[in-house]
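Participant: Below, each chain spelled out in residue letters.
Number of protein chains: 2
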Amino acid sequence: MKKFEEKTIQSELKYKGRIITLLVDEVLLPNGKKGNREIIKHPGAVAVIAITEDRKIILVEQYRKALERSIVEIPAGKIEPNERPEITALRELEEETGYTTETLQYIQSFATSPGFADEIIHLYLAENIVKLEEKADLDEDEFVELMHVTLQEMDTMITNKEVYDAKTAFAYHWLKDYLKQN
Amino acid sequence: MKKFEEKTIQSELKYKGRIITLLVDEVLLPNGKKGNREIIKHPGAVAVIAITEDRKIILVEQYRKALERSIVEIPAGKIEPNERPEITALRELEEETGYTTETLQYIQSFATSPGFADEIIHLYLAENIVKLEEKADLDEDEFVELMHVTLQEMDTMITNKEVYDAKTAFAYHWLKDYLKQN
Numbered sequence: 001m002k003k004f005e006e007k008t009i010q011s012e013l014k015y016k017g018r019i020i021t022l023l024v025d026e027v028l029l030p031n032g033k034k035g036n037r038e039i040i041k042h043p044g045a046v047a048v049i050a051i052t053e054d055r056k057i058i059l060v061e062q063y064r065k066a067l068e069r070s071i072v073e074i075p076a077g078k079i080e081p082n083e084r085p086e087i088t089a090l091r092e093l094e095e096e097t098g099y100t101t102e103t104l105q106y107i108q109s110f111a112t113s114p115g116f117a118d119e120i121i122h123l124y125l126a127e128n129i130v131k132l133e134e135k136a137d138l139d140e141d142e143f144v145e146l147m148h149v150t151l152q153e154m155d156t157m158i159t160n161k162e163v164y165d166a167k168t169a170f171a172y173h174w175l176k177d178y179l180k181q182n
Numbered sequence: 001m002k003k004f005e006e007k008t009i010q011s012e013l014k015y016k017g018r019i020i021t022l023l024v025d026e027v028l029l030p031n032g033k034k035g036n037r038e039i040i041k042h043p044g045a046v047a048v049i050a051i052t053e054d055r056k057i058i059l060v061e062q063y064r065k066a067l068e069r070s071i072v073e074i075p076a077g078k079i080e081p082n083e084r085p086e087i088t089a090l091r092e093l094e095e096e097t098g099y100t101t102e103t104l105q106y107i108q109s110f111a112t113s114p115g116f117a118d119e120i121i122h123l124y125l126a127e128n129i130v131k132l133e134e135k136a137d138l139d140e141d142e143f144v145e146l147m148h149v150t151l152q153e154m155d156t157m158i159t160n161k162e163v164y165d166a167k168t169a170f171a172y173h174w175l176k177d178y179l180k181q182n
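Residue numbers (UniProt numbering), protein chains in the order written: chain C, 1 to 182; chain R, 1 to 182.
Please keep in mind that the hints were generated in silico from the structure rather than gathered at the bench. Since this is a predicted model, take the numbers as computed values, not measurements. Take these hints with a grain of salt, some might be off.
Stated by the list, open to error - Derived coverage of chain R by chain C (criterion: at least 3 residues anywhere in the stretch with Cβ under 8 Å from a Cβ of chain C; other residues may be distant):
(1) 22-31
(2) 90-97
(3) 115-123
(4) 163-176
Just so it is clear, CB atoms sit at the ideal spot from N, CA and C, and this is done for glycine as well.
Generate the whole structure from the sequences, applying the supplied hints.
Facilitator: Dropping the structure here:
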């Protein structure tokens with residue numbers, strides 16, 4: 001998988017923040033010329049497709065500063081240092097929804113923006129979910145509102161752009177297929 | 001859609017590059033406390049689900065420096081200044097695949113990484129594609145290899161992580177549904 005490899009000539013750190021790091025790499029292109037690549041390093045994330053007993057999907061509405069609007073997403077969150085993604089997934093499910101499960105299943109992983117970022121998101125399926133007696137705490141800068149919706153309602157939310165992000169758009173089509181078969 | 005709005009107290013430009021810009025916004029959180037948001041501004045992108053007459057999908061393999069590997073994706077590219085997304089979509093289809101179409105259809109748009117970036121990707125469907133007599137030029141730092149695959153082959157490529165990005169993962173499940181109905 002090293003086809004068209006771009007070898008790093010030098011890598012310059014432009015910004016190191018709380019969550020993301022920005023590098024500009026000077027690279028040797030496959031044609032022997034030089035180029036520059038702006039790269040965001042991100043710790044990676046998880047997202048959880050959580051289904052209730054009556055086959056509704058749990059979604060969370062939150063404000064996304066980058067978009068300057070609130071959108072509705074499947075529960076998700078960043079991986080903490082040295083945390084295994086399945087632990088992050090269970091933690092985020094508990095923190096954001098107040099539910100937990102003993103049967104978390106891995107679905108697949110994908111890069112969100114391979115053109116400029118190394119962020120990978122790992123998707124999980126949570127079925128047989130049960131309400132926690134005491135809801136886990138959210139991060140101190142996190143404000144979310146929960147909703148339980150049918151697949152049909154989710155379709156409407158995509159049409160009116162309330163659902164407006166890649167992982168949740170993926171989740172809708174993945175679920176449509178999954179619920180047909182299960 | 002302004003629920004949990006985070007008002008900007010001040011916005012600091014940390015990096016302005018060729019493609020991305022990095023800002024750190026100090027914000028007023030809904031609980032009255034202050035927080036910081038690291039934000040990447042990106043011009044936005046398009047991606048095209050292109051289907052051949054024999055119901056194969058056109059994919060492109062390219063090296064992604066951010067991931068330090070090559071992956072297989074649906075044709076995609078950045079929106080140029082003042083370019084309408086459907087123009088970008090047709091241009092990228094022509095440049096990356098050597099095909100064109102008179103029936104480009106808009107599917108939907110989504111944010112790729114709403115936690116830290118404003119990048120929106122607009123998805124289009126290209127059917128009834130015809131080969132250009134002369135292939136359009138790629139960008140000078142762009143190297144891609146074309147492939148035509150069946151949905152079944154694409155499924156295998158997801159399993160072995162050759163297909164490894166959000167828009168292409170979405171495209172697979174969207175297509176699975178679409179091809180059943182058409």
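Participant: Are the hints correct? Go through all of them and say.
Facilitator: Verification of the supplied hints:
For the region 22-31 of chain R, the stated coverage by chain C holds: 7 residues have a C-beta nearer than 8 Å to a C-beta of that chain, and at least 3 were required. With 0 residues carrying a beta carbon less than 8 Å from a beta carbon of chain C, the region 90-97 of chain R misses the three-residue requirement, and the given coverage is violated. Residues of the region 115-123 of chain R lying with their CB closer than 8 Å to a CB of chain C number 6, which satisfies the three-residue condition for coverage. Interface restraint, the region 163-176 of chain R with chain C: holds (10 residues with C-beta to C-beta distance below 8 Å; minimum three).
Hint violations for this structure: number 2 only, all remaining hints satisfied.
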